[in-house]
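Peer 1: Chain H is already provided as a structure; the job is to place chain G on it using the hints.
Chain by chain, the residues run as shown.
Protein chains: 2
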Amino acid sequence: MIQLNETHDVNLKSWVASANSEACDFPIQNLPFAIFRRAGSNETYRGGVAIGDQVIDLAKVASLKLLSGDAAVAAEAASDTTLNRLMGLGNQFASALRLALSKGLREGADRALEAAFVPMSEVEYELPAHIGDYTDFYTSVFHATSVGKLFRPDNPLLPNYKWVPIGYHGRSSSIGVSGQTFRRPLGQTKAPDAAEPSLGPCKRLDYELELGIYVGKGNAMGDRIPLDAADDHVFGFCLFNDWSARDIQAWEYQPLGPFLAKNFASTVSPWIVTLEAMAPYRISWTRDEADPQPLAYLESAANRAQGAFDIKLEVLIQTEQMRRNNQPAQSVSFSNFSHSYWTVAQMVAHHTVNGCNLKPGDFFGSGTQSGPEHKEAGSLLELSNGGKEPVDLGNGETRTFLNDGDTVIMRGFCAKEGAARIGFGEVSSTILPADC
Amino acid sequence: MIQLNETHDVNLKSWVASANSEACDFPIQNLPFAIFRRAGSNETYRGGVAIGDQVIDLAKVASLKLLSGDAAVAAEAASDTTLNRLMGLGNQFASALRLALSKGLREGADRALEAAFVPMSEVEYELPAHIGDYTDFYTSVFHATSVGKLFRPDNPLLPNYKWVPIGYHGRSSSIGVSGQTFRRPLGQTKAPDAAEPSLGPCKRLDYELELGIYVGKGNAMGDRIPLDAADDHVFGFCLFNDWSARDIQAWEYQPLGPFLAKNFASTVSPWIVTLEAMAPYRISWTRDEADPQPLAYLESAANRAQGAFDIKLEVLIQTEQMRRNNQPAQSVSFSNFSHSYWTVAQMVAHHTVNGCNLKPGDFFGSGTQSGPEHKEAGSLLELSNGGKEPVDLGNGETRTFLNDGDTVIMRGFCAKEGAARIGFGEVSSTILPADC
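If you're matching them up, the sequences are chains H and G in order.
For the first sequence, UniProt numbering begins at 1 and goes up steadily by one.
For the second sequence, UniProt numbering begins at 1 and goes up steadily by one.
Extracted from the complex, chain H is given alone in its bound form (with noise of 0.2 Å):
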């Protein structure tokens, strides 16, 4: 079983008064690693972790000497431009570092670690790793089957769904971090009616509320991960916006699945929350007893106590017009991680079991993380249920599909009685009109 440990107390407080705050994302107990500098600089990127409204640089950490043992060398790992080394150190050496700052950051610490702090307000990310490989799964049973009703209405939820945690190969170049955007792409479409395809611009853009898994220590070629060893393979998740051009996917995506649709831009949350920070907000994983039991490699009593997570996740649409209005952004969905139908665990022991070796800095995504209400579907094919009932955003303003100019964010968090706030802060991205 997991253990709580110091870190998680949610009495402690910090001496960095921004994180004492309830709704802070980044309280003394999250301690999530991101790769930034400072804004407009030439700088070079290096690891950082959030406290309050500060980001403590981790190569000054590492220069200053500031830490020793374990969590020196997890600090000096991560003064490079990616997480990938410290990802790749396993998940001790994280944990150690996470101790420390910890420790340096509680009231009535000595405050040497302010040497190494930067504003929050004054940075700008990249991608905290280097992704070699990125898996995007389908785990919202909910997702699969309201998705499956749009493009197959006779076949919705096909019969492999509830044994295996379908998963499928994305594309790692066209990933950003927050901040990014991208041009509405082009592709080949063709309507029902149409008697042959033409190329224009995509008609039925759309985002999709995923968690993102980055992969901590890899294994090698040949060998499996045993789901419960799986943990100790996983650094940490984020938020993840998995962009879909709908109407170039329904053309192109038989028999080999999406490709086109999905490989013009993915946007990550800057920050990664480590598997650690989320200790408290572990549930229990269960299985419909109506469905499939999994198969053995996919079942244990530990991923049953505590294979889940409680995530809340929302979404929310700025259109040009609300900014224009100086509007806020309005929600148009809240859904949570917990309705995943596999964990994360399984996602690592079903990927592994033929011996696909994974990186540090690999990356999951998982799915559309659609709940079972239609208010919790985590994307507006579903929300508009496939474009024929347009959503309201409260201000005037529909969407049936995302317009030029509409900026996508997502945000989640973790909140419960009895343990402190772990917040994944948010990821935004604009689209741009096409370039035809």
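Be a bit skeptical, because a hint or two may be false.
As the list claims (entries may be wrong) - Straight-line Cα separation of at most 27 Å, DSSO-like style, residue types lysine-lysine; simulated pairs:
1. H:Lys162 / G:Lys190
2. H:Lys203 / G:Lys162
3. H:Lys359 / G:Lys217
4. G:Lys13 / G:Lys103
5. H:Lys190 / H:Lys203
6. H:Lys203 / H:Lys375
7. H:Lys190 / G:Lys149
8. G:Lys203 / G:Lys13
9. H:Lys359 / G:Lys359
10. H:Lys65 / H:Lys217
11. G:Lys359 / H:Lys217
12. H:Lys388 / H:Lys149
13. G:Lys162 / H:Lys190
14. G:Lys149 / H:Lys149
15. G:Lys217 / H:Lys162
16. G:Lys162 / G:Lys149
17. G:Lys190 / H:Lys149
18. G:Lys13 / G:Lys65
The set of hints was computed from the structure by calculation and includes no laboratory data.
Peer 2: Okay, now just chain G, sitting in the frame of chain H:
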């Protein structure tokens, strides 16, 4: 139109005698690139060029300052442990290096380059590039139709096939170089008459005969590569065995495509034949008049005139019994890349039409290159008609799918009157028993 230059002259002979044999894959007109070191050494891997039975060590060429100008820049870039930097320079640099090496290797030239020779029999290879992203295409209509019949008897060739150069994302981490061995993968499979799936070793392990294509100069995200500019972004070709677990594939692949059926191993040949070396073997590309003609972004006079390549391909199997009895590998299939329904330039133009960014060293598989005749099928799935008709190996053994201990060898070359033979060497890989 692609012009031949002095490096293509069929009458050129080299002072490296082994390069002048008619059967040699690596005459002076070829000069392919690889990453190598002395076998069994701790030397750093670096770039090399093949000439006859020798490898020209490009790091040595650079350190000895044997070349000047763009050729020297190229040799220096190719001194890295991967060819990515050379690829990213753009093809004019590899072309300058090719011309300089051609001049230095000709009969009558001084033998300065000999100081950089390593006998090919004494080297081992690594992947020639860091492959950021790997895309597998599906460009043989014969393969698509015959496999389609087996997976979807009622619907073999889907309506998009003749419009869209179908491709999907593959996994980079499990790509290895010739000599790769791998354990038979485990996976979920479900027999049609079974009530439930089960986990076990793959029973239908297969090869796929593909051409591999390395991207040279990349494109920025959002920029399209027009069809007639595609050649500037293709560094060269190799042989590619895209191992496939057919029983795992059949159960997992809907709706998002193959995943664990493909990512346990994929094997490339070590030598990359440059696009320039292939120039004499460009041929016209045609589309049956009865078939849809390409949309405008996939159509050009140049692509019609010389978009295709005449590359002869062969698959051989050597079983454990053959090795024990000192029998040579047995040919099971001959095909040709000229059968491809789409050209490499069309793959590039399609891949980027949505703004997807390609990076130097990215890799495309052509898809299994089955020809129109049954004996030209590029997989056992096709040759054995879905496992129903065993393939005779000529020594009393037969195969429907591959056994443990089987070595699969692929060879390729171009040859015709009036041009030098341009060989690819081979890719060879052996199946180890499953680890259960």
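Peer 1: All the hints need checking, so say for each whether the structure fits it.
Peer 2: Status of each hint after checking the structure:
Straight-line distance between C-alpha atoms of Lys162 (chain H) and Lys190 (chain G) comes to about 13 Å, which keeps the hinted pair within the 27 Å bound. The straight-line distance between the Cα atoms of Lys203 (chain H) and Lys162 (chain G) is roughly 23 Å, inside the 27 Å bound, and the hint therefore holds. Note on Lys359 (chain H) and Lys217 (chain G): the hinted pairing holds, with a Cα-Cα distance of about 26 Å set against a maximum of 27 Å. Restraint check: the Cα-Cα separation between Lys13 (chain G) and Lys103 (chain G) comes to about 10 Å, which is no more than 27 Å; the hinted pair holds.
Of the pairs offered as hints, the one joining Lys190 (chain H) and Lys203 (chain H) holds, with about 11 Å between alpha carbons and a cut-off of 27 Å not exceeded. Straight-line distance between C-alpha atoms of Lys203 (chain H) and Lys375 (chain H) comes to about 23 Å, which keeps the hinted pair within the 27 Å bound. Taking the CA atoms of Lys190 (chain H) and Lys149 (chain G), the gap is near 24 Å; set against the 27 Å cutoff, the hint holds. At roughly 50 Å between alpha-carbon atoms, Lys203 (chain G) and Lys13 (chain G) are farther apart than 27 Å, so this suggested pair is violated.
The hinted pair formed by Lys359 (chain H) and Lys359 (chain G) meets the criterion: a straight-line CA distance of about 20 Å does not exceed 27 Å. For the hint pairing Lys65 (chain H) with Lys217 (chain H), the CA-to-CA distance comes to about 25 Å; that is within 27 Å, so the pair holds. A distance of roughly 26 Å separates the Cα atoms of Lys359 (chain G) and Lys217 (chain H); the hinted pair therefore holds under the 27 Å criterion. Between Lys388 (chain H) and Lys149 (chain H), the direct Cα distance comes to roughly 14 Å. Compliance with the 27 Å bound is thereby established for this hinted pair.
Of the pairs offered as hints, the one joining Lys162 (chain G) and Lys190 (chain H) holds, with about 13 Å between alpha carbons and a cut-off of 27 Å not exceeded. Between Lys149 (chain G) and Lys149 (chain H), the direct Cα distance comes to roughly 25 Å. Compliance with the 27 Å bound is thereby established for this hinted pair. Annotation: proposed proximity of Lys217 (chain G) to Lys162 (chain H) is violated, straight-line Cα distance about 43 Å (limit 27 Å). For the hint pairing Lys162 (chain G) with Lys149 (chain G), the CA-to-CA distance comes to about 16 Å; that is within 27 Å, so the pair holds.
Distance check on the hinted pair: Lys190 (chain G) and Lys149 (chain H) sit about 24 Å apart at the alpha-carbon level, within 27 Å; holds. The hinted pair formed by Lys13 (chain G) and Lys65 (chain G) meets the criterion: a straight-line CA distance of about 24 Å does not exceed 27 Å.
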